[in-house]
Amino acid sequence: MRSQTAEIYEGYLSNRRGAQMWKFVALLAFLVFAVWSIDVLKIPIERVLGMFGPLWRMVSERLMPPDLAYVAQPKILRSIVETIGMSVLGSLVGILIVMPLAWFAAWNVSPARFILYPLARIIIVIARGVPTLMWAMLLVAIFGFGPLAGTLALMTATIGFAGKLLAEQVEAIDMNRVDAIRATGANEVLVFFYGVLPQVWASWVGIIIYNWDAQFRGSTILGFVGAGGLGLYLREQLSVLEYHTAMGVITVVIVLVILSETISHYLRHRLY
Amino acid sequence: MSTPAIVGNPLREPRIIFRRYAIIAIAAALVLALGKYTIVEETDWERMGSAAEIASTTLDFLPDLAFFPETFLPLLETLLIALWGTTLAVIMAIPVAYLAARNITPHPWITYPLGRGLIVLSRSTHEIIFALLFVSAVGLGPLPGIMALAVRSVGFMAKTTAEAIENASPGPIEAIRATGAWPVMVFLYGVVPQVFPIFVGNAIFQLDINIRRASILGLVGGGGIGYMFAEVMQNLRYDRAGTIVVGITTMVILGEFISNRIRNRII
Amino acid sequence: MALLEVVGLSKTYPTGEAALKSVDIAVDAEEIVAILGLSGSGKSTLLRCINRLVEPDGGSVVFDGTDITKLDKPALRKARRHMGMIFQEFNLIDRLTVLENVLSGALGVTRTWRGVFRAFKNADIQRALELCERVGITDQIRKRADQLSGGQRQRVGIARALMQQPRILLVDEPTSSLDPKIGREVMDLLQSVAKEAKVPMLVSVHDVILARNYSDRIVGLQNGMKIFDERTASVEAESLDRIYNIAS
Chain L
1 MRSQTAEIYE GYLSNRRGAQ MWKFVALLAF LVFAVWSIDV LKIPIERVLG MFGPLWRMVS
61 ERLMPPDLAY VAQPKILRSI VETIGMSVLG SLVGILIVMP LAWFAAWNVS PARFILYPLA
121 RIIIVIARGV PTLMWAMLLV AIFGFGPLAG TLALMTATIG FAGKLLAEQV EAIDMNRVDA
181 IRATGANEVL VFFYGVLPQV WASWVGIIIY NWDAQFRGST ILGFVGAGGL GLYLREQLSV
241 LEYHTAMGVI TVVIVLVILS ETISHYLRHR LY
Chain S
1 MSTPAIVGNP LREPRIIFRR YAIIAIAAAL VLALGKYTIV EETDWERMGS AAEIASTTLD
61 FLPDLAFFPE TFLPLLETLL IALWGTTLAV IMAIPVAYLA ARNITPHPWI TYPLGRGLIV
121 LSRSTHEIIF ALLFVSAVGL GPLPGIMALA VRSVGFMAKT TAEAIENASP GPIEAIRATG
181 AWPVMVFLYG VVPQVFPIFV GNAIFQLDIN IRRASILGLV GGGGIGYMFA EVMQNLRYDR
241 AGTIVVGITT MVILGEFISN RIRNRII
Chain A
1 MALLEVVGLS KTYPTGEAAL KSVDIAVDAE EIVAILGLSG SGKSTLLRCI NRLVEPDGGS
61 VVFDGTDITK LDKPALRKAR RHMGMIFQEF NLIDRLTVLE NVLSGALGVT RTWRGVFRAF
121 KNADIQRALE LCERVGITDQ IRKRADQLSG GQRQRVGIAR ALMQQPRILL VDEPTSSLDP
181 KIGREVMDLL QSVAKEAKVP MLVSVHDVIL ARNYSDRIVG LQNGMKIFDE RTASVEAESL
241 DRIYNIAS
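Residue numbers (my numbering), protein chains in the order written: chain L, 1 to 272; chain S, 1 to 267; chain A, 1 to 248.
Keep in mind the hints are simulated off the structure, nothing from the lab. Beta carbons: idealized from backbone N, C-alpha and C, even for Gly. Heads up, none of these hints are tricks.
Reference listing, derived: stretches of chain L covered by chain S, where coverage requires no fewer than 3 residues with Cβ under 8 Å from a Cβ of chain S:
(1) 88–97
(2) 134–140
Counterexamples of contact, computed for chain A against chain S with all Cβ distances above 12 Å:
(3) Leu3
(4) Ala18
(5) Ser22
(6) Asp139
(7) Gly151
(8) Val208
(9) Arg231
(10) Val235
(11) Ala237
(12) Glu238
(13) Asn245
So that you can see chain L by itself, here it is in the shape it has in the complex:
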């Protein structure tokens, strides 16, 4: 082969040696990190392989079959309604609050960029940064046990979850259409309703449905910390070591979540 190609060949080989060395270093670093983690976390690595046996035994003997008769009681059924209600109310009110917030949090159309934009962004980030269950615990401390705390927790979670998504959609719109409305001299609110909202409405509806689905998953477990819903019975049954009934509650939760996902999937595809 020509000398130029021969040069390239040599160059390629030496590059490859370099790249291989880096890969080796990375692998080594990964292994060191793994060993260090095992030490810091005090993981009993020698027991890891032996635990699949007890795990399987536990599932097959203690958890299965789930006690579905327990679940058929009226109090459980009422709790299911409560759970659904919490999720609906929480996401609904949350969405109503977060829609203007998303407007403020969108750089391109925020009415008062240097005040409202950072404020809205911070609110959304804090709402999203704290896990829903933790919000529930905080709100239970303030408002007491019951679905009120749970609904408020879901509201906050909605602000965090949907807020980011909604704002992203607003930031992706065509500003020309917004400018056209602005040019008529309309105030900012009307500019939002006529210039922004029509462009994002389609994706916003999808996000609203997606949000409800996500919040519903959380709502099933909030009762664990006393914030209303099915989680309460899960905790209760576990605390008295009634594993089969606990498994019954878990089964209901899983079924409900699958249902909610199917509904939300169907709605999102039906609408668009």
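With chain L held as given, fit chains S and A onto it using these hints.
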């Protein structure tokens, strides 16, 4: 000027306007009824106290700054749990995605439903439930937490990867098949390069989510800062709880910032 | 005996569309055969049935004495290694570099671990570089495939097919996604490469001029049926016109 022929609201037929408002009214009534039934009746309004008491309790959460250093180790533990849980999930997601991708699954009637079923189970079960399961099996500590996160995240990773595989353009796959390469090679060279950016992006996304999830696993014994949080809440040390909340929020925000930068560099 | 003998090849897609209706073709060693036909005439299907990327419903494909249609999967893979295919849409691996794409032509004979870690043998790398030089793509070897122009991509595709050291080249409308000038350059390259390596080539085209200028023999395909098969030097204008007339 003669009278215009249009009467009423020229923008919409009155029938449609009426229907819209009727729907909104009915929906609002339902929501209010739901609110009354679910919340108003179930809440112990007396125990809650007056607005002033509520405000005062809220202020109790103002962070106790002196407590910060004690949160560092648990927060680090939380981060590590999230990292390893995500890593495990990413590894496990590959075979599951292989099963759950309609175009490459080996036995469409068996492996495809199996793969999809695993994905559904993973995504429908809350990480707390998984954590309870693993804590019962292997004891307390970060290990069951890592396992719980791994099993919880596999679903999302496998689902998005399977979808990416199904949407991969067939051209390059055809080309590698035409060279007579083994199916493994066809997959590695035809499918994987197309799927890789999506895979990495989603892994980073899951890592962010898992940091938040990991912070509550300690509530049920899964390691991390959750245990400390439960403890201070129980002792009514709300100021320390506030510190922990600030710590977690900071970690999450930092995590998202870093992961955004990484994602922009890779893709 | 011809290197490739296709007898009675038929294919009907599940949609009911009969893409090939009992087609016979033979290709001798060192021959360039053009398959001429409009879109939908079955050219792509024909080529893909030969290496069974599409499974034919009937007929036989005998390549160098072996009936491809009767082979099981492992044997089929071995057979494919001797058939180099070049695609209309280039079908390169976008994220990989030009060099890696050319090397991927050798995947049929690369050990699994070498392929997984992209640790190709030095001899293979040398050969790939030589092929890059031959097709004129040396300046781009480090670029990702999706950063190349159409003509450049097709050159890579040609190099990749040659990497297999094939005994026959199956070329599916190589220039249909390129503008005419670049297309002719690619056809020049294909013709010279095939003659130089003494490898027979089966090329599908929908442009009469290309068929005339670059082949030894032209086979006309219409609605899945072969309507003529003549040496290019002596093909009649009438036969060529039939391809483009609906009624004749």
